[in-house]
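Novice: Listed here are the chains, written in short residue letters.
There are 2 protein chains.
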Amino acid sequence: MMVPPAVGLGIDIRVLAEQEGMSARIAATAVGHYTDADAVLAFARDVDVITFDHEHVPQDVLKQLVGAGVPVHPGPHALAVAQDKIVMRERLTALGAPVPSWGVVRDRAELADFLEAHGGAAVVKTPRGGYDGKGVRVVRSADAADDWFAVLDEAGSGDGLLAEELVDFNRELAQSVARRPSGDAVAWALVETVQKDGVCAEVTAPAQNAGTLVAEARALAFSIAEGLDVTGVLAVELFETRDGRLLVNELAMRPHNTGHWSIDGCVTSQFEQHLRAVLDLPLGATDELAPVSVMVNVLGGPASGSMLDVYPAALAAHPDVKFHYYEKASRPGRKVGHVTTTGGDAGETLARARAAAEFFSS
Amino acid sequence: MMVPPAVGLGIDIRVLAEQEGMSARIAATAVGHYTDADAVLAFARDVDVITFDHEHVPQDVLKQLVGAGVPVHPGPHALAVAQDKIVMRERLTALGAPVPSWGVVRDRAELADFLEAHGGAAVVKTPRGGYDGKGVRVVRSADAADDWFAVLDEAGSGDGLLAEELVDFNRELAQSVARRPSGDAVAWALVETVQKDGVCAEVTAPAQNAGTLVAEARALAFSIAEGLDVTGVLAVELFETRDGRLLVNELAMRPHNTGHWSIDGCVTSQFEQHLRAVLDLPLGATDELAPVSVMVNVLGGPASGSMLDVYPAALAAHPDVKFHYYEKASRPGRKVGHVTTTGGDAGETLARARAAAEFFSS
Chain A
1 MMVPPAVGLG IDIRVLAEQE GMSARIAATA VGHYTDADAV LAFARDVDVI
51 TFDHEHVPQD VLKQLVGAGV PVHPGPHALA VAQDKIVMRE RLTALGAPVP
101 SWGVVRDRAE LADFLEAHGG AAVVKTPRGG YDGKGVRVVR SADAADDWFA
151 VLDEAGSGDG LLAEELVDFN RELAQSVARR PSGDAVAWAL VETVQKDGVC
201 AEVTAPAQNA GTLVAEARAL AFSIAEGLDV TGVLAVELFE TRDGRLLVNE
251 LAMRPHNTGH WSIDGCVTSQ FEQHLRAVLD LPLGATDELA PVSVMVNVLG
301 GPASGSMLDV YPAALAAHPD VKFHYYEKAS RPGRKVGHVT TTGGDAGETL
351 ARARAAAEFF SS
Chain C
1 MMVPPAVGLG IDIRVLAEQE GMSARIAATA VGHYTDADAV LAFARDVDVI
51 TFDHEHVPQD VLKQLVGAGV PVHPGPHALA VAQDKIVMRE RLTALGAPVP
101 SWGVVRDRAE LADFLEAHGG AAVVKTPRGG YDGKGVRVVR SADAADDWFA
151 VLDEAGSGDG LLAEELVDFN RELAQSVARR PSGDAVAWAL VETVQKDGVC
201 AEVTAPAQNA GTLVAEARAL AFSIAEGLDV TGVLAVELFE TRDGRLLVNE
251 LAMRPHNTGH WSIDGCVTSQ FEQHLRAVLD LPLGATDELA PVSVMVNVLG
301 GPASGSMLDV YPAALAAHPD VKFHYYEKAS RPGRKVGHVT TTGGDAGETL
351 ARARAAAEFF SS
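So the protein sequences, as listed, match chains A and C.
First residue of the first sequence? That's 1 in the UniProt record's numbering, and the numbers climb one at a time after it.
First residue of the second sequence? That's 1 in the UniProt record's numbering, and the numbers climb one at a time after it.
By construction, these hints were calculated from the structure, which means they are not laboratory data.
Among the hints, a few may not be true.
Unchecked claim - Rough simulated footprint, nothing fancy, chain A against chain C, three-plus residues with beta-carbon under 8 Å:
(1) 9-17
(2) 274-282
Unchecked claim - The following residues of chain A were derived to be distant from chain C, with all beta-carbon distances above 12 Å:
(3) D36
(4) Q59
(5) P100
(6) T126
(7) G135
(8) P332
Just so we're clear, the structure is a prediction, and the values are computed from it rather than from any experiment.
For every residue, glycine included, the Cβ atom is placed at its ideal position computed from N, Cα and C.
Work out the full structure, taking the sequences as your base and the hints as a guide.
Specialist: The structure is reproduced here in structure tokens:
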């Protein structure tokens with residue numbers, strides 16, 4: 001999704017992809033794995049700046065890039081925080097950002113203690129490699145994470161799991177900002193997100209009836225971006241608690257699903273802004289193009305065939321909806337695309353976006 | 001500029017380009033010349049539909065494609081009208097479309113007669129191969145087209161030149177429509193265009209104070225698209241005469257410079273719509289995203305370097321402007337990019353777009 005704004009701005013984008021035929025293939029210029037330092041370094045020789053569409057590039061690869069004089073945005077020190085959920089909690093706590101009550105648990109006994117101290121329920125997370133709800137589990141008994149403890153024991157690293165209080169939230173919000181290496185930063189509208197099974201399902205921009213949370217979320221995201229020296233787009237996923245406080249749930253240091261609405265709903269999309277930011281170009285205006293934008297993910301995709309097969313019916317029914325298809329085969333729960341539409345009323349706009357996405361459900 | 005919407009919709013776009021390193025290279029999949037039937041046919045074996053970003057593909061190549069069973073949009077019969085300005089005038093006249101008074105002149109004597117009948121001035125055009133003012137000349141004496149007559153004589157084809165009355169117009173307008181093979185068609189807003197030296201320089205959408213011309217232009221463009229069986233985008237360039245009539249100046253059967261404002265100013269851009277139309281997919285809404293959109297071409301480009309070199313200053317000064325750069329080297333008069341911005345007032349928006357484009361002038 002960075003290709004369209006790169007074409008628009010006339011920026012030559014090159015993609016290192018793990019294999020031919022991935023959804024990034026339209027601009028793929030090299031095939032190689034992001035854990036293969038030689039492949040990444042060879043690819044980097046030809047470019048002005050390196051950025052990422054996920055946070056899993058190993059630190060030693062990142063550091064070799066920096067050592068070779070390649071500008072890397074976000075940098076290794078920032079990405080380290082997004083790569084490990086325990087490090088993230090430590091750094092956010094040190095920055096004074098509001099987070100759920102948390103602790104590191106290394107065995108069943110420590111988890112039992114955490115559960116007892118937090119009303120008998122906790123969210124347990126593997127520190128690394130999780131996404132879209134993977135590596136996240138709500139537990140209500142001390143033996144419910146035995147399988148993960150066993151894996152840690154086998155590794156013998158002494159690492160633990162992250163345990164967090166189960167937050168009683170009113171709704172989930174997300175605040176994206178973009179920051180240049182020079183320090184300039186801009187924010188998009190605070191948005192409301194709805195997760196289903198740990199996966200982002202719907203986003204409404206701006207979040208309705210958010211009152212003073214709008215300014216709070218913006219200040220919080222800016223302070224995190226600056227505190228962690230994030231360059232490029234930073235998405236801050238937030239809980240709005242029942243008593244009206246914000247708590248930081250997760251961070252993503254890249255254009256994020258909760259910001260896809262900006263492609264069709266903003267003067268400058270998160271993908272164009274990310275390109276500008278990592279190239280240290282002046283950032284674009286983040287004004288909304290309509291009173292309300294709604295994004296609904298297409299999860300799973302049509303039972304047979306691809307979204308393209310359903311286009312004749314879906315596009316005819318919804319001429320005012322923007323359809324995005326990632327050219328991925330249908331698979332239950334997989335994000336294969338999204339739809340966005342804009343309108344004057346949040347409820348009406350959401351209903352229209354849902355109806356459009358419904359065409360692609362299995 | 002068809003690549004971004006193709007990425008968005010998940011449509012696999014392939015490009016036959018004349019050489020490596022052209023501005024279409026981001027998606028270039030084959031190198032070959034559009035006059036080389038073998039190259040075009042080989043390229044076509046792998047695609048579902050063929051379309052064009054100019055009208056100069058020879059009829060025999062087009063007909064071989066159709067003969068090989070390849071869907072071609074717009075089709076050879078429609079493109080034939082866009083390829084020859086005399087054929088265009090004949091067909092428009094037959095359709096009852098309002099056009100400037102015109103005639104075919106084969107020598108100096110015929111041009112003298114035409115000048116005498118039209119107040120001593122005429123616009124003379126070579127029927128084929130012209131664009132951006134090339135092959136168009138205002139003449140006020142019968143010997144002013146001798147060089148072109150000499151070329152025609154040498155070819156010995158008996159062809160003539162197109163002579164048209166020099167229209168005393170109030171302003172120039174353009175009306176774009178898109179039409180599917182099945183016949184469905186949609187129109188964008190009527191726009192006002194300003195030409196400099198025969199090249200489109202500025203577009204304001206919608207045309208201000210156009211009154212009943214809005215409906216007239218729309219009906220006219222639809223009737224031309226249907227009458228000529230155009231598929232894809234059709235741009236109709238119009239004169240608004242001093243006495244308030246519309247006259248058809250030129251036709252373009254492709255996304256056209258006068259429609260570039262739609263990329264940032266409409267729910268569905270002309271490039272996305274062209275893809276939908278040639279694939280016979282339902283057409284998207286053409287609603288404007290703001291009261292006014294203005295596009296200003298970047299002609300020539302920076303005296304040294306490329307638009308990218310000027311981005312730091314230009315983007316900083318105009319965070320709300322969308323910059324488009326075609327990755328072409330600067331050259332006097334050459335279209336190397338365009339800027340678009342939206343606003344509430346035509347004058348203010350035009351001033352802002354002009355100021356942004358000014359950063360790139362030599």
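Novice: Against this structure, judge whether each hint is valid.
Specialist: Hint-by-hint comparison with the structure:
no., hint, in the structure
1, 9-17, "holds (count 5)"
2, 274-282, "holds (count 3)"
3, D36, "holds (25 Å)"
4, Q59, "holds (31 Å)"
5, P100, "holds (36 Å)"
6, T126, "holds (32 Å)"
7, G135, "holds (29 Å)"
8, P332, "holds (19 Å)"
Hint compliance for this structure: every hint is met.
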